[in-house]
Amino acid sequence: MSSVELSSDLEQSQREKNFIEDICKRVQKPSTVLYLLKSNNNTLGFIALSVSSIGDFPSLQIDYLFVNHTFRGRHLEVLDNLKTSAYLVDFSIEVAQEIQELAGLRYLVLLPDNNKLQNVYKNMGFVNLPKQDWLYIKL
Amino acid sequence: MALSIKDNKVVYVAPPKKLTEKEKKMLEDTPVNHKLIKRATSRKYNVV
Numbered sequence: 004m005s006s007v008e009l010s011s012d013l014e015q016s017q018r019e020k021n022f023i024e025d026i027c028k029r030v031q032k033p034s035t036v037l038y039l040l041k042s043n044n045n046t047l048g049f050i051a052l053s054v055s056s057i058g059d060f061p062s063l064q065i066d067y068l069f070v071n072h073t074f075r076g077r078h079l080e081v082l083d084n085l086k087t088s089a090y091l092v093d094f095s096i097e098v099a100q101e102i103q104e105l106a107g108l109r110y111l112v113l114l115p116d117n118n119k120l121q122n123v124y125k126n127m128g129f130v131n132l133p134k135q136d137w138l139y140i141k142l
Numbered sequence: 092m093a094l095s096i097k098d099n100k101v102v103y104v105a106p107p108k109k110l111t112e113k114e115k116k117m118l119e120d121t122p123v124n125h126k127l128i129k130r131a132t133s134r135k136y137n138v139v
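As given, the protein sequences belong to chains A and Y, one line each in that order.
When you read off a place in the first sequence, starting at 1, and then add 3, the result is the number in our numbering.
When you read off a place in the second sequence, starting at 1, and then add 91, the result is the number in our numbering.
Chain A on its own, in the form it takes in the complex (with noise of 0.2 Å):
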């Protein structure tokens, strides 16, 4: 994989570097997919996605979202002027779009690793299951 920068925590660098260990063994299998988003030869981030259900619903699911500790928390202008993140969660409903008649999917679903990041993606338009920790957009 294209150079990755983790976060300064050191618990935090450990924690990601066991995630996308484990997505880059994920990713041999067929059902998940891993998608670089790249700018100027930098990588930016990248997000794995797989399809799979919530209930008996067919969903595509973000297995995890990555962005390089330099463009945390920045607007690029190359980016639309949005976030690393944001971006790539636009870029999952596309994607989502594009396989939706096939595979008849019809959420878009995550689990966020922390509270924070719940705040952070119901913010981007996905919505909480209730007493769930999992969150979905209706496609």
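A couple of the hints might just be wrong.
[As the list claims (entries may be wrong)] Below 25 Å or equal to it, Euclidean Cα-Cα: the simulated DSS-like pairs (lysine-lysine) are:
no. : chain 1 : residue 1 : chain 2 : residue 2
1   : Y       : Lys129    : A       : Lys134
2   : Y       : Lys108    : A       : Lys125
3   : Y       : Lys129    : A       : Lys141
[Claimed, not checked] Non-contacting residues of chain A with respect to chain Y, defined by C-beta distances greater than 10 Å in every case (computed):
no. : residue
4   : Ser10
5   : Asp12
6   : Lys41
7   : Gly58
8   : Ser62
9   : His78
10  : Asp83
11  : Ile96
Everything labelled a hint here was simulated from the structure, so no lab data went into it.
Glycine residues also receive a C-beta, built at the ideal position from the N, C-alpha and C atoms.
Fit chain Y to the given chain A structure using the hints.
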């Protein structure tokens, strides 16, 4: 994300398979955010 760490190991967390009737209804009754989807699908992405 669907990855979590438990006992120092990365575990994969799947979405709930069993939903209550209330949860199903909420999912079904959620309106499609057309503005969000239009914004997301009208862009040319530089993703590989």
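So Ile96(A) supposedly isn't at the interface. Is its beta-carbon more than 10 Å from every beta-carbon in chain Y?
With a cut-off of 10 Å, Ile96(A) comes too close to chain Y, as the shortest Cβ separation is near 4 Å.
Verdict on His78(A) as a residue remote from chain Y, using beta-carbon distances over 10 Å
holds, 15 Å
Is the hinted pair Lys129(Y) and Lys141(A) satisfied, with a Cα-Cα distance of at most 25 Å?
Roughly 13 Å between the alpha carbons, so the hint for Lys129(Y) and Lys141(A) holds.
Just want to verify: Ser10(A) was marked as not at the interface with chain Y; is every Cβ pair farther apart than 10 Å?
holds, 14 Å
Would the hint linking Lys129(Y) and Lys134(A) be met if the CA-CA limit is 25 Å?
violated, 29 Å
Does the alpha-carbon distance linking Lys108(Y) and Lys125(A) stay inside the 25 Å limit?
holds, 22 Å
Distance rule for Asp12(A), whose beta carbon must clear each one in chain Y by more than 10 Å
holds, 15 Å
May I ask you to check that Lys41(A) keeps its beta-carbon over 10 Å from the closest beta-carbon of chain Y?
violated, 7 Å
Looking at Ser62(A) again, its CB stays over 10 Å from all of chain Y?
The assertion about Ser62(A) is violated, with a minimum of 7 Å to chain Y.
Closest CB of chain Y to the CB of Asp83(A) still more than 10 Å away:
violated, 7 Å
Test the statement that Gly58(A) is away from the interface with chain Y: the closest C-beta pair must be farther apart than 10 Å.
Gly58(A) not clear of chain Y: closest Cβ-Cβ about 4 Å, inside 10 Å.
When the structure is compared with the earlier hints, violations turn up for hints 1, 6, 7, 8, 10, 11 and for no others.
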